[in-house]
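Assemble the whole structure, with the sequences as input and the hints as a guide.
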Amino acid sequence: MTYQKKDLPSKISKIGIILLIVGIALGVLAFFVDHSRAVFNYLIAFNYMISIGVGALFLIALEYVVGADWSVPIRRVVEFFAAIVPLLAILVIPLLFNMQELFHWSHTDVVMEDAVLQSKAPYLNVPFFIIRVFVIIGIWTLFYFFFTRNSKKQDTTKNQKLTTLNIRLSAVFIPVFAITISLSAIDWLMSVEPHWFSTIFGVYFFAGSVITALAAVTLTTVLLKENGYLHPSMTDDHLYSLGALLFAFVNFWGYIAFSQFMLIWYADLPEETFWFIQKWEGSWAIFSIGLIIIQFLVPYIALVSQPSKMNPKTLKFISVWLLFAHLFDLFWLVMPEMEQMSGGYYFSWIDLTFPIAIVGILMLVFNMKAKNENLIPIGDPKLQRGLDFHL
Amino acid sequence: MADKKIFGIVSLFKDPNAIISAAKKVASAGFTNWDVNSPYPLHGIDKAMKIKPSKLGIVTLIFGLSGVVLALLLMWWTMSVDYPMVIGGKPYFSLPAFIPVTFEITVILATVSTVVAMFAFFFGLPRNAHALHDTDYMKKVSLDHYGIVIEAIDPKFDEKSTMDLLNNLSPLTTEIIYYPEKETYPIFEPRFLALLFGVAVAVSLGTYLMLNKLMYIQPFNWMDKQAKITVQSRSDFFNDGRGMRLPVEGTVARGFIPYPFEDQKNPTEVLSNPSFPTIENLELGKSKFLTYCSPCHGNFGDGDSRLQGQFPNPPTLHSDRARSFPDGMIYHIITVGQNAMPSYASQVNREERWAIVNYIRALQRAKNAQDSDIKFVKAE
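So the sequences go chain by chain: C and S.
Heads up: the first sequence runs through residues 284 to 674, numbered per the numbering used here.
Heads up: the second sequence runs through residues 73 to 452, numbered per the numbering used here.
Just so you know, these hints were derived from the structure itself, not from any lab.
Everything numeric in this text was worked out from a predicted model, so none of it was measured.
Do not take every clue at face value.
As the list claims (entries may be wrong) - Label pairs and their computed distance ranges (CB to CB):
#	chain 1	residue 1	chain 2	residue 2	range
1	C	A404	S	T279	47 to 57 Å
2	S	A412	C	Y549	31 to 41 Å
3	S	I171	C	F380	37 to 47 Å
4	C	F429	S	L128	39 to 49 Å
The beta-carbon is built from N, C-alpha and C at its ideal position, and this holds for glycine as well.
Structure follows, in structure tokens:
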């Protein structure tokens with residue numbers, strides 16, 4: 284097989300740097316203008332990064348553990364997005380310095396007066412939280428490092444044992460991932476309202492993050508394929524598989540989100556319902572209905588037919604749409620918990636600054652990885668089968 | 073052999089790549105009634121055969137959508153129109169509670185209709201005989217060969233040219249397949265029906281024995297067997313052994329005033345009528361009178377009902393004696409009964425009894441009308 288590596292256009296890194304600098308500058312300004320709002324927005328941005336990075340890591344493990352062939356030619360795209368995972372340890376630091384702003388349970392005087400928070404204190408306390416955060420990010424980084432090191436090594440050595448090794452690693456990673464992503468979602472998103480609890484919350488966040496990672500991968504794959512950076516023998520059938528997986532996870536998200544809502548709605552217990560009532564107050568009701576439409580109905584209708592799952596235009600549109608939808612989802616989860624916005628949403632430019640930085644970081648990281656590595660895992664023993672894939 | 077009807081021409085190939093390139097050539101030759109047989113699904117054969125995407129999805133869509141509509145209509149009608157019930161303090165039409173049912177109905181209608189449509193319209197089943205059955209060709213393509221069959225009903229079919237076309241594809245063998253002499257087989261053959269019946273009985277019986285006798289293990293029984301006394305069961309806790317306890321003597325149910333003259337045959341004093349004969353009250357009395365009283369007393373209280381002769385006839389309600397009863401006395405008779413008449417206390421409640429009394433008063437007035445009453449009628 285002959286594969287000539289083509290470098291990505293240099294303007295990607297330029298645009299990435301500009302977006303990142305603009306995003307950081309506006310973000311720093313936001314911290315001085317409205318400190319609380321900026322911290323909450325940063326929390327959303329950070330969880331968005333977790334979603335893409337760890338979601339991509341899960342997709343890598345999924346490919347190995349189920350023995351998929353079709354996704355081998357695009358595995359590098361997934362790996363490049365997973366490269367965000369090591370950055371999480373740095374990105375998390377500003378949040379750790381602003382925990383008082385985010386979490387009621389980090390105030391000792393509040394916890395003293397609150398019986399519920401007292402009973403949760405053995406888990407929700409600052410030292411244990413910080414330990415958990417770094418242990419979880421450490422585990423993810425470790426797996427990222429092993430997965431990509433083996434994959435990269437295979438490009439030159441063509442050693443089949445590396446695939447076997449990665450399959451074993453993936454089988455270990457999947458249950459570890461299930462626990463860590465649940466804990467991460469509970470720590471960062473659910474504990475913003477420490478009185479509320481939902482046992483399905485980890486799965487909810489997992490569904491959203493896989494959609495996000497898949498959408499990022501789908502968008503990049505379609506763009507790279509259209510501009511001839513990927514292998515020419517890749518067909519629409521590969522795109523169809525991506526579209527079908529997207530469709531499946533959109534359904535999965537809808538299923539989980541509805542399950543969470545319906546059980547709480549039906550049981551009607553005040554200690555659970557107040558969380559949804561908060562999200563129905565004032566203009567938040569529009570956000571709640573909007574979430575159903577944006578995250579479920581539109582992608583569902585757009586992807587339901589067979590031709591649309593392999594249509595590059597539809598896929599590009601719906602990928603961008605879903606990338607936005609998860610941001611919207613996180614916004615809906617976190618923002619009504621901010622005290623100033625508990626009655627309803629009011630607009631501020633701060634909400635727009637952090638997504639700019641997210642796009643900038645993603646472009647930079649992707650470009651940096653693409654510069655140093657092949658865009659196709661040329662040493663993978665399953666590559667030819669992956670390229671020959673037909674429906 | 074000449075009088076045999078040709079079904080089609082078949083070719084065998086040994087290699088999946090050969091069959092795909094052969095299929096491409098046959099498709100580009102413009103044939104429509106032809107097929108490829110292989111022991112397993114071949115990737116890329118759809119494109120090689122130029123098969124258009126199946127229309128089966130439309131069936132799924134139509135039935136799925138009708139599932140949504142039907143399920144919602146059913147629940148809307150039963151739960152909020154025909155028999156409204158408050159469940160869990162939710163509104164009559166509460167969409168979140170209906171979504172799981174709607175989802176299930178949608179899925180089952182869509183899947184079942186898809187399978188049925190696939191068998192009935194796309195596969196043309198039931199069809200219990202096919203010319204390719206019992207041929208050497210079919211045995212081979214079920215095992216390790218790949219075959220192409222071009223049917224004789226194809227408009228482009230010509231025995232010689234089609235044969236040449238297939239031979240040019242360098243197959244292993246090419247042969248003509250004829251229809252079997254007996255072309256059709258009845259579906260409802262007695263032996264087949266007997267087999268179906270036997271299978272049905274065996275499966276039902278086997279399932280029943282398996283699940284209910286052999287494998288019936290209760291994971292826990294603390295819901296099935298609870299330490300409580302159920303309705304009409306015995307209790308050794310009490311001396312009389314009755315599980316269901318009687319209320320303490322003199323207990324009065326909420327909102328219920330006991331009738332004070334229950335034990336007296338000829339009460340010296342009776343209740344006075346608390347209800348006023350409005351039109352609604354008389355309508356109620358009429359309806360209850362016609363239901364409970366008229367079978368014996370007759371529609372107008374003359375004692376001339378359709379039960380005459382079969383049952384001791386009650387006297388007319390228009391006698392002087394009956395007319396001189398106070399309202400409370402008629403109420404008393406309805407409540408405790410008189411002579412052969414039983415108590416109607418359990419059938420008509422207190423309000424309805426007074427309404428009946430008022431209605432009987434109206435009947436009595438009408439049956440013994442005086443000239444002076446006409447003035448009132450004319451005045452209206």
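Consistency of the hints with the structure:
A C-beta distance of roughly 54 Å is found between C/A404 and S/T279, which places it inside the suggested range of 47 to 57 Å. Evaluation of the 31 to 41 Å hint for S/A412 and C/Y549 yields a failure: the beta carbon distance comes to about 57 Å. Separated by about 43 Å at the C-beta atoms, S/I171 and C/F380 satisfy the suggested range of 37 to 47 Å. For the hinted restraint 39 to 49 Å between C/F429 and S/L128, the CB-CB distance of approximately 45 Å keeps it satisfied.
Of the numbered hints given earlier, the model fails hint 2 alone.
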